[in-house]
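Number of protein chains: 2
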Amino acid sequence: MVVPARSRMVILKEGAKGQVELDPLTQKVYLTIEPPRLGFNQADTDRLRDALRQAGAGTVAVPLALMGRMADVCREKDWAVTATVGQGEAGPRLVALEPGDTRDRHFGLAVDVGTTTVVAYLVDMNTGETTGTAAGYNGQAPLGEDILTRIYLAATAEGLTRMQEAVVDTLNGLIERLVNRCGISPDEIGAVVVGANSTMVHLLLGLNPKLICREPYTPVVNNPGFLKAGEIGLKINPRAVLYCLPGVGSYVGGDVIAGVLVSGMHRAKEISFLVDIGTNGEMVLGSEDWLVACAGAAGPALEGGVARSGMRAGPGAVEWVRIDPGTRKVSYRTIGDEKPRGICGSGLIDCLAEFLLTGIIDRAGCFRDGRTSFTIVPAAESAAGEDIVVSQLDINNFMRTKGAVNAALETLMESVGVSPADLSRFYAAGAFGMYLDLESSITIGLYPDLPREKMIRLGNSSGEGARQVLLSNGKRLEVEEIARSITYFELNANQEFMNRFVSSKFLPHTNLDYFPTVKAKLAERGLLG
Amino acid sequence: MVVPARSRMVILKEGAKGQVELDPLTQKVYLTIEPPRLGFNQADTDRLRDALRQAGAGTVAVPLALMGRMADVCREKDWAVTATVGQGEAGPRLVALEPGDTRDRHFGLAVDVGTTTVVAYLVDMNTGETTGTAAGYNGQAPLGEDILTRIYLAATAEGLTRMQEAVVDTLNGLIERLVNRCGISPDEIGAVVVGANSTMVHLLLGLNPKLICREPYTPVVNNPGFLKAGEIGLKINPRAVLYCLPGVGSYVGGDVIAGVLVSGMHRAKEISFLVDIGTNGEMVLGSEDWLVACAGAAGPALEGGVARSGMRAGPGAVEWVRIDPGTRKVSYRTIGDEKPRGICGSGLIDCLAEFLLTGIIDRAGCFRDGRTSFTIVPAAESAAGEDIVVSQLDINNFMRTKGAVNAALETLMESVGVSPADLSRFYAAGAFGMYLDLESSITIGLYPDLPREKMIRLGNSSGEGARQVLLSNGKRLEVEEIARSITYFELNANQEFMNRFVSSKFLPHTNLDYFPTVKAKLAERGLLG
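First to last, the sequence lines map onto chains A and B. If you count by our numbering, then the first sequence holds residues 27 to 555, one letter each, in order. If you count by our numbering, then the second sequence holds residues 27 to 555, one letter each, in order.
Because the hints were derived from the structure by calculation, they are not lab data. Given the structure is predicted, the values throughout are model-derived calculations rather than measurements.
Identical copies carry no separate label here, and so any pair may be met within one copy or between two of them.
In silico SDA-like links for lysine to any residue, alpha-carbon gap of 25 Å or less:
| hint | residue 1 | residue 2 |
| --- | --- | --- |
| 1 | Lys236 | Trp105 |
| 2 | Lys261 | Gly94 |
| 3 | Lys236 | Arg101 |
| 4 | Lys103 | Ala181 |
| 5 | Lys236 | Glu184 |
| 6 | Lys103 | Cys239 |
| 7 | Lys261 | Gly209 |
| 8 | Lys103 | Pro242 |
| 9 | Lys261 | Pro89 |
| 10 | Lys236 | Pro89 |
| 11 | Lys236 | Gly94 |
Construct the entire structure; sequences and hints are all you get.
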């Protein structure tokens, strides 16, 4: 599988908040245990439990599988052993037991399971460093490109199993590459933390997500707690701690909570606004005192395959576009510098912004000259020998997405009595947040028009949040607290939202004063007439 | 499989200490949960967790398998559900979730896994009553008759698996009979408590018992904690709590601890003595202030198949014997009143006592007339058409067993400064304790010579202890406290014990004054010359 060039490019997080204090989800405890003798012939397991208690690891539950190996492992290096202790259902439990001192080898896995792309980070739990990264397409995509199709396909027990196996296979493939590249055994991975949206978490755990998209939109679980890697078939230590970042609702999942964690907005005095645009525009508004969240059904306008010439962000996708205001000549760049095959989300946003700034479309999103499409790449230059275009229909679809995002933000702000002027920080989370051009996104009103130094891309905040939680029980408690404290507004049946959505018909916004820099540009170009 | 007639006979416990206060290892909690709606669309699992917390069940861990059924079960009867909550690794966990109110059906299983016989009790957790009992031979016996052979056979992974499967199959057969007879589904059994010796626990759990019989005699585990029935393949609810009564060493297992619990000796002011005679004579001495235990390698003298005409206590076994002092005519009775096929342990004890009281053998255990065997059943009356005899070799073997028991008790008493006169209660636990004739056992010195009202048979104390723990968390804490507080004397390499063992050559005892009633009988018959 080819990793999109872009995925490799953006591993570094622009918005990450520095180092995490190391207190990983597993700890390795080296023990030199007093060997049994006549008069001190306590059972092996009880002896180990006592030694762990004395070492300060608490009362550690020992699974049957490890009792079975206890006798041999303890005697292999004369009762010097290293115990890996992790979080269990309700207290610490033994994850692994190795002969001798193996504390210098201590690994965990942070995973971002996206609808399109899955990224796995092999993390050295001793240093906090990422030892290796691997990314690949989510194996579910060939079964169902968009998330609603997958939910539909997973409605039967068989379909659910196929969906689960597809993403687990993807993860196992990434794990295999990582352990081979980094020279470790899969069995040395003792903890996995997953950042993903609610539907992805359900499918990964084999839970039917059918109710997620039906009123009143209830997931099976928001916080699955501490599971075991073997329960879902991950090919690592089957007793490894498996933890999925908790969500707060069907449409505000662990990936969004990860964004909040990474941004630090839950610890700031000022009011911040975080948005993660995908199929749903998920957003969180708030500060250290309060957090509100909602998800507008943004629609898949930005996802590959929806726009007429749309494609996902793979090789050959037009990802950057500029249009000369005078000549209307188009400049573009593709991922991997390959022959153009289509336009991905970031390319589409650039097109729309350039259309607006060059007067090709008006503020209502209509082609001023009445045409039905605009050619970005002529047939002669394209890979398939066909024009790559943006159609009026594509623009109309996007207007709905933007309208949903705007309406959601405004409904949210009104519900807590906050005005646009109160926003002191803007965070762009999620996959689109990594790629979308900031100026273009502001120009068309997808992002607010704040001073640019207050606008921060979080990069792969889902993966970064998973990594921080993997490395820190403190961070884990923090995400749980974030999830608990967020007030979730369900917009799917909110009339106020619907009204705003319908009236939100202009680029960048009905009220141009909310976008001063865009207003200035349009005025400068004489496009405000 | 034919259940030995005797097993059916002795289900009622002579020594059981009345009723247990009901606080079973699982509790059933009926919940009417507020259904989800817009504005209150918390996830199903989190909603259930909250409802359980509000119902006082604590923070209950929900296993993945039950999350998978949550959505359907909760909606089947409009959010009225019954949750079965049991003990998990370190806190309560969800064992089952059923639609509607099913509190009137709440079942558990108490199991006595003996080397020879396995007995299963289906218990109504609401009333504490035993709804059904089923017994059968331990399926391991055809693979290896005695326990040392089984330990040997289990040394390889394959052999261990075979041993585990054999006893699990036995249990599953008993379970099938019980659930059919009592009209319940196997899935309704939510907890199992096992009373068994250490080796049986190891084999049941698939743990290699090889180190149990090698110095310094360390089991893999004394207290396995809370496991799940599915982990060992029991065909009941796979998430059912599986708890094995804790032991204190390789030779003082959960079956003996069960005996202590059932006797109540750990709560008595006076000093009691409990003995469980099998392959090993296991014994516990003590009071509410202290408890000491040891096991003498009694040897298999009393087990079926060792004595020349020996057999286990099945149909046709000579189980009761009297000899006329004048004519030396033998009267006997067999199990099931079938034609005699051999002599079981209780029959052998009767023979030896009668031999001593009729002067056939002397106090050193030798035939006074120099013969090498004594015929109990002549060939013409026996099932196989062969004489059923007790040989001098059989007697010599028995002398070693008795010597080991005597030596162990004396070593134990000396170690804590207690004399025979201090013993105020005697408890006979375990299978042999149910069947051996009290007077015969005293006559030959296997049991102490106390006033008879102070001598109590505990019946199947292993099964009864399991039943009490199944029904009461308080009793579970009590057995754990008993196991913790017992001081275990390892006699296998104790020189003092060896000296006593070797010098313990007389019936009933070297010092006849310890057995006043036997001394009187022998004197009366002129056998003290």
